[in-house]
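Undergrad: Protein chains in written order, with my numbering: chain A, 1 to 114; chain B, 1 to 115.
Hints in this document: simulated from the structure, not taken from any laboratory.
Take the hints with a grain of salt, since some may be wrong.
Claimed, not checked - Chain B regions said to be covered by chain A (calculated; three or more residues, Cβ under 8 Å): (1) 13 to 20; (2) 86 to 98.
Said to hold, decoys possible - Each computed EDC-like pair below joins lysine to aspartate or glutamate, with the alpha-carbon atoms no more than 20 Å apart: (3) B:K78 / B:E52; (4) A:K101 / B:D56; (5) A:K101 / B:E52; (6) A:K101 / B:E103; (7) B:K14 / B:D24.
We put the beta carbon where it would ideally sit given N, CA and C, even for glycine.
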Amino acid sequence: GENVGLHLPTLSVQEGDNSIINCAYSNSASDYFIWYKQESGKGPQFIIDIRSNMDKRQGQRVTVLLNKTVKHLSLQIAATQPGDSAVYFCAETNSGGSNYKLTFGKGTLLTVNP
Amino acid sequence: GAGVSQSPRYKVAKRGQDVALRCDPISGHVSLFWYQQALGQGPEFLTYFQNEAQLDKSGLPSDRFFAERPEGSVSTLKIQRTQQEDSAVYLCASSPSTGPTTEAFFGQGTRLTVV
């Protein structure tokens with residue numbers, strides 16, 4: 001499929017390494033954040049979410065960190081695998097406002113080398 | 001079906017032509033969203049339906065864009081008099097709830113190319 005990662009920030013890692021993908025969000029009123037994974041030719045797939053009353057949340061092989069002071073999110077992927085290769089987007093929303101509407105970041109292309 | 005289904009997967013339109021993009025959400029899902037994703041960019045919100053009601057169309061770029069969901073299930077995004085800047089992937093998502101979109105499931109998208 002067509003590479004949706006053109007002109008995106010890129011991160012290249014070796015299989016088995018840990019990956020850290022960063023995201024700066026724009027709206028200080030946002031209180032709910034989601035990380036999505038998008039493989040070539042597919043729609044975004046939910047990975048993990050975090051609310052603004054938390055600084056850290058862990059899932060299976062993934063951890064999201066939230067720093068509200070500097071409006072920064074990061075996604076950490078442990079023991080990165082070739083199947084993790086994709087574009088990763090952070091998305092933000094305000095649960096008190098139009099909470100159905102997600103604002104997506106630009107995305108980061110992760111390439112995992114076997 | 002098991003997921004959100006969009007058709008066609010690819011559409012090439014001549015400038016000025018009208019197009020219609022279809023979304024079949026997951027059965028029973030109340031909420032339906034349309035997003036536009038330009039090459040190398042993140043998806044951008046277009047419009048939101050709760051059942052058959054279009055509650056938000058603030059993201060539609062112009063009055064050439066029109067969306068409907070007449071029976072609260074299948075939705076169609078129509079673009080009239082297509083322009084080259086309309087070239088993008090159009091993503092549909094559905095959710096069983098009306099709250100924050102944790103449970104939004106995205107379709108594979110329709111890639112529209114206007115020539």
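Undergrad: Are the hints correct? Go through all of them and say.
TA: Evaluated hints:
By the rule of at least three residues with a Cβ nearer than 8 Å to a Cβ of chain A, the coverage given for the stretch 13 to 20 of chain B is violated, with 0 such residues. A stretch counts as covered by a chain when three or more of its residues have a beta carbon under 8 Å from one of that chain; for the stretch 86 to 98 of chain B and chain A the count is 5, and the coverage holds. The hinted pair formed by B:K78 and B:E52 meets the criterion: a straight-line CA distance of about 16 Å does not exceed 20 Å. For the suggested pair A:K101 and B:D56, the alpha carbons sit about 9 Å apart, so the restraint of at most 20 Å is met.
Taken as a hint, the A:K101 and B:E52 pair is honoured in the structure, with Cα atoms around 17 Å apart against an allowance of 20 Å. Restraint check: the Cα-Cα separation between A:K101 and B:E103 comes to about 13 Å, which is no more than 20 Å; the hinted pair holds. Using a Cα cut-off of 20 Å, the hinted pair B:K14 and B:D24 is violated, with the two alpha carbons roughly 25 Å apart.
When held up to the earlier numbered hints, the structure conflicts with 1, 7 and fits the remainder.
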